[in-house]
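Visitor: In case you want the letters, here they are:
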Amino acid sequence: EPEVTQTPSHQVTQMGQEVILRCVPISNHLYFYWYRQILGQKVEFLVSFYNNEISEKSEIFDDQFSVERPDGSNFTLKIRSTKLEDSAMYFCASRKLAGASTDTQYFGPGTRLTVL
Amino acid sequence: TQLLEQSPQFLSIQEGENLTVYCNSSSVFSSLQWYRQEPGEGPVLLVTVVTGGEVKKLKRLTFQFGDARKDSSLHITAAQPGDTGLYLCAGARGSWGKLQFGAGTQVVVTP
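Sequences listed follow chains A and B, in order. Numbered according to the working numbering, the first sequence spans residues 1 to 116. Numbered according to the working numbering, the second sequence spans residues 1001 to 1111.
Among the clues, some could well be false.
[Said to hold, decoys possible] In silico lysine-lysine, DSS-like type, Cα no more than 30 Å apart, as pairs:
(1) A:LYS42 x A:LYS57
(2) A:LYS96 x B:LYS1056
(3) A:LYS42 x B:LYS1059
(4) A:LYS96 x B:LYS1057
[Claimed, not checked] A few chain B residues that don't get close to chain A, going by computed Cβ distances all over 12 Å:
(5) SER1027
(6) LYS1059
(7) GLN1064
(8) ALA1068
(9) HIS1075
(10) GLY1082
(11) PRO1111
No wet-lab data here; the hints were simulated from the structure. By construction, the Cβ of each residue, glycine as well, lies at the ideal position given by its N, Cα and C atoms.
Bound-form chain A, shown alone:
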């Protein structure tokens, strides 16, 4: 069964460094998302992406964050200058089509980002 994959599984970085988290969504899906989950807290929406542009973003997704679909398969989240509070699990998700009946989002296994 097709699944969303994410790399790396764990990324450790120094505060102020740039990180790129990578995702390969399910191949015939058109909508892509990033969520994050700080330890012990709820899963939070960051951004949605469709047709090569951001369709919606949350307050968390400030100028330090960017997303890109550099080719036909990868979807990346970049954090330009990491802060301690960026430490979290980051989940990529994808969805096939529009419409309530196809709202289902499938999640990747996550990347644990640790900022020191």
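On the provided structure of chain A, position chain B as indicated by the hints.
Guide: Just chain B now, kept in the frame of chain A:
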């Protein structure tokens, strides 16, 4: 920000017992998804409910979407230790379908 409240936060039961987890909001959702999440892993989809009043069954798990599409429940019949895990509900809203998650219900089933 509209909240999606899950209750209870924690549920510990014996094998063979039944349990129900609730997910409530003041907002209407276009659909509601239930996931199960293991520690350090991503949410794994259990079911999506779309129509008000809809009931879906997945083996011993029964999911219901409220008539007004604001609430949902997950009922597990004859729970087994393998049902132990964190159950999350997530409501989809808006044109782009972003998900709003509940805080989760940790279920522990002891033999």
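Visitor: Enumerate the violated hints, using their earlier numbering and listing them in ascending order.
Guide: none
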